[in-house]
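Asks: What follows is the residue order along each chain.
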Amino acid sequence: MRRRIVLLVPTTLALLLIAGPAWACGGLVNANGSVTLVRTTTLAAYHLGVEHYVTSFEFAGVGGEFGSIVPLPGVPSKVVRAGDWTLQRLVLETQAQLRALAFEAAIPSAAGAQVILETEIDALDVTVLKGGGTAVGNWAREHGFLLPPDAPEVLDFYADRSPIFMAVRFNGDRAEEQGIAQGEGTPVHVVIPTTNPWVPLRILGLGAPAAAPVEADVYLLTDRQPALLPAPVPAGGSISPRAGAGPEGAKRPGLVLERSEPASSSLLADLRSDKGMKWLPASGMWLTYLRVDANAGDLKYDLAVDASGADQPSPVAAGLSAEGRSPVAEAAARIWPAALAALALVAGIATGAWLGRNRLRPRLG
Amino acid sequence: MRGGSARLALAMLVVAGLAACRPAQAEDRMRTVEVTIHYSRFDPSALSFEPGTTVRFEIRNTDPIDHEFILGDEDVQAVHERGTEAHHGARPGEISIPAGTTRVTTFTFTERGALIFGCHLPGHYAFGMRGTVTVA
Chain Y
20 MRRRIVLLVP
30 TTLALLLIAG
40 PAWACGGLVN
50 ANGSVTLVRT
60 TTLAAYHLGV
70 EHYVTSFEFA
80 GVGGEFGSIV
90 PLPGVPSKVV
100 RAGDWTLQRL
110 VLETQAQLRA
120 LAFEAAIPSA
130 AGAQVILETE
140 IDALDVTVLK
150 GGGTAVGNWA
160 REHGFLLPPD
170 APEVLDFYAD
180 RSPIFMAVRF
190 NGDRAEEQGI
200 AQGEGTPVHV
210 VIPTTNPWVP
220 LRILGLGAPA
230 AAPVEADVYL
240 LTDRQPALLP
250 APVPAGGSIS
260 PRAGAGPEGA
270 KRPGLVLERS
280 EPASSSLLAD
290 LRSDKGMKWL
300 PASGMWLTYL
310 RVDANAGDLK
320 YDLAVDASGA
330 DQPSPVAAGL
340 SAEGRSPVAE
350 AAARIWPAAL
360 AALALVAGIA
370 TGAWLGRNRL
380 RPRLG
Chain P
2 MRGGSARLAL
12 AMLVVAGLAA
22 CRPAQAEDRM
32 RTVEVTIHYS
42 RFDPSALSFE
52 PGTTVRFEIR
62 NTDPIDHEFI
72 LGDEDVQAVH
82 ERGTEAHHGA
92 RPGEISIPAG
102 TTRVTTFTFT
112 ERGALIFGCH
122 LPGHYAFGMR
132 GTVTVA
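Which chain is which? The protein sequence lines are Y and P, in order. The numbering used here numbers the first residue of the first sequence as 20 and each following residue consecutively. The numbering used here numbers the first residue of the second sequence as 2 and each following residue consecutively.
Excised from the complex, chain P in its bound form (with noise of 0.2 Å):
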């Protein structure tokens, strides 16, 4: 009896530090990064984050025109240059930026491999107004 105490109450401690260290490493894992918008470009432009890392992502917008963040491959991109959305927010990673003002989106970078970030307002992404973010 006082055995099976023992191995109970070790269990117990074994299943408490596992729990204990689930949001630490989350933590570990989360990170702040600050996006600057200013004529039309990111700073940075090119980012590099390792896989299972939750970003968070701050976005200020310095210009007097609206800009937006969407955030995920080639893909997402294509769909965003034809898309009809006016606004987002509603998705991980993907977020518009009125004039002078600070947004935040987050995401999970999951898999290895290469994403951009861009704006799809008329005209923004072929003026050059998008990054890269490098998971690796």
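So that you can see chain Y by itself, here it is in the shape it has in the complex (with noise of 0.2 Å):
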């Protein structure tokens, strides 16, 4: 199988490149505000209370330094390299695209937010902070990510549930003295023990007009099939039209159920052979796929998962409010009601915020 990943993963990575540059769970944004294409991967698991996050960071090559702000449910253990492999087998299982975001950054100093963790990681600087919405913001601003309009509401959103934020940053000097070329990954893999899982998706959106279409792919893989909030609408309905279908300002459909299965034991041995993936399981999981084709204007919510079996995943941890279910989840729930228990979850997600440079020129009043 080895052998068959090291054949395939290189023809993976070629699409990837061709489809454009890509970042992670966050919203990239240049010097003079242009927003860029870029591409990143994300894989979030959570398996016996544990949370793991496999992110790539793909090298922009614009030269300067490029980060990502990534909203993370817990202060994790450790921030460690992640497998070669993980990403792309997870991509080939479901010939799904996966895509992010990040931020341009700069040097100065802190203030404000708490430094938890910070690590290097090949040519990526890695910091998780622990604060609110405006001291990460200060933090970030500081720290030179330009964070468009929307960032202050957004990063509110996240700190009122989960006050801990991975920032990452690029180093073009060190991605240089290293040979890393533009375009190329380089995981992360994030450990969070949690009790309350949940995938960001909202941060999909960021920078994003509200018309612009949002892209991602989010994997789950659980021990049985897992209960979501928001509910996504089955593949193939009417309102379900292919990822990229449909004029940019058409009405899309949100969250779609694309995979629902038990998780091949190929995959799952694959997933297994990649550096840091003993810890899940080799047998009886179930695979979950679901894709986010989403205009960035309606993209209000994050994926909750219920992994407890008891079928109750938190309007809280999916960012409704916590009186009730926002009319997006009451419209989802009627939609495709999802009741069936989960023991673990693997979530992978791959983003792909297609925000277009046009709709985001540097401007200087």
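What the hints contain is simulated information worked out from the structure, not anything from laboratory work. Even glycine gets a Cβ: it sits at the ideal position worked out from N, Cα and C. Treat the hints with care, as some may be off.
Said to hold, decoys possible - Some chain Y residues well away from chain P (every beta-carbon gap over 10 Å; in silico):
(1) Lys97
(2) Gln133
(3) Thr153
(4) Ala154
(5) Val155
(6) Asn157
(7) Gly191
(8) Gly198
(9) Ala200
(10) Pro212
(11) Arg278
(12) Ala329
Said to hold, decoys possible - Simulated coverage check for chain P against chain Y, where a stretch passes if three residues somewhere in it have a Cβ under 8 Å from a Cβ of chain Y:
(13) 47-61
(14) 125-131
Two chains, each in its own frame: build the complex with the hints.
Replies: Spelled out as structure tokens, the structure:
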């Protein structure tokens, strides 16, 4: 199987590169304020009370430094370099495309937010922060991250539930020293003990105009079929066009269920054979593949996953009102009442926020 | 002679009275308006003044990102939307407001009509960061 992967991964990477540069679950804005199309793959994993994020940060190769801000559901116990093929293998399993976001970064000092972890992974400088939306926003600004106008609200949206963020900066000089080429990814594995797993979705639309399409792939691997909120609409329905279909501004379905089936033994074996993936059970997992295909203005929620078996995904974890489900959730629940329990979760997210340069031209007043 | 002195005294009183009235009238037409910026929105976003009113805008930026307040007609907004000035403050009605700070700018509304105030940092105006002023 390893040989097969070795043969397939370069093919996948080539496809990714053709699709353009990418980044992780954050928003990427250049120094001049324009949005760069870059792509990143993120895998969020949950098993026995521990969530695992495996994210690939690709080097944009434009010079200077680039970074991402990723909201996390808890304080990570470690941040290390991930294996080389986990993300690509998930893509191969579902034939999905992966994308995400990032920020331009500079250097100065911090203020407000508490730095609780710092590490270097290849050419990446990783900083885990604890703080409210304003504190983290200040830290990001003082470190040269160019936050788009919706960032203050989005940072608060996450900080209200989990004031933990991971800022990742790509050091261009170090990348050059290490011979990292444009488009080459650095996978990062974040281990997060938590009882409340969720997958950040709203962050994918950061900086995008309300009508802009946001496309992403989300993978879940659970011991049972999971209960989700918002519940996805079934693939192939009348309001479920393929990703990228339809004109910009057209109403998009939101969260689409593409695959829901037992995970193949070959998939699990391949994932377990990658670096740092032995925690994944060898059998008995359930694979769910969800496709995010939403207008940025409608993507005001995250994906809550009930991995306890109680069949009650949290509206709070989904970023919906604590008092009751939002209209989005209610509508989704009527369409697709997910009702099966989960024991463990592996969530892989491949983001595709298609933020065209033309929609965020640099403008200085 | 007496009559002349009386007229002179009366004239001086009138002049003095007029001089005293000027600042009083200006004060009557001087207003201070507090504008708060939160989540890249102005609050209030719609204002109304009478012609001749001088307004001292106190603009408080509660966001962790920088903003600006540019007051003028559509042409002014268009110029700034494609402009290259990184900071404002020299012209009345135009001011940059760094994150977490309060800044003041003063503007006199001389003519009836509709004006706009907005932020032209990258993406902010398109995001909807603007408001209106009606002068009537």
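Asks: Does each hint fit the structure? Answer for all of them.
Replies: Status of each hint after checking the structure:
Against the 10 Å criterion, Lys97(Y) stays outside the reach of chain P, whose nearest CB is about 28 Å from its own CB. No Cβ of chain P approaches the Cβ of Gln133(Y) within 10 Å, the least distance being about 15 Å, so the stated non-interface status holds. Distance check for Thr153(Y) against chain P: the nearest CB is about 5 Å away, which does not clear 10 Å, and the non-interface claim fails. Non-interface call for Ala154(Y) relative to chain P: violated, since the shortest CB-CB distance, roughly 8 Å, does not exceed 10 Å.
A beta-carbon of chain P comes within 10 Å of the beta-carbon of Val155(Y); the shortest separation is about 8 Å. Not every C-beta of chain P lies more than 10 Å from that of Asn157(Y), the closest at about 5 Å, which undercuts listing it as non-interface. Chain P leaves Gly191(Y) outside its interface by the beta-carbon criterion, the shortest separation being 21 Å against a cut-off of 10 Å. The claim that Gly198(Y) is not at the interface with chain P holds, since no C-beta of that chain comes within 10 Å of its own (minimum 33 Å).
With a closest Cβ-Cβ approach of about 29 Å to chain P, Ala200(Y) is found to remain outside the 10 Å limit, as its non-interface label requires. With a least CB separation of 29 Å from chain P, Pro212(Y) remains clear of the 10 Å interface cut-off, as annotated. No beta-carbon of chain P is positioned within 10 Å of the beta-carbon of Arg278(Y); the least distance is around 36 Å. For Ala329(Y), the requirement that its beta carbon stay farther than 10 Å from each beta carbon of chain P is met, with the minimum near 34 Å.
With 0 residues having a Cβ less than 8 Å from any Cβ of chain Y, the segment 47-61 of chain P misses the three-residue criterion, and the hint is violated. Residues of the segment 125-131 of chain P with a Cβ under 8 Å from some Cβ of chain Y number 5, which satisfies the need for three, so the listed coverage holds.
Against the hints set out earlier in the document, violations occur for numbers 3, 4, 5, 6 and 13.
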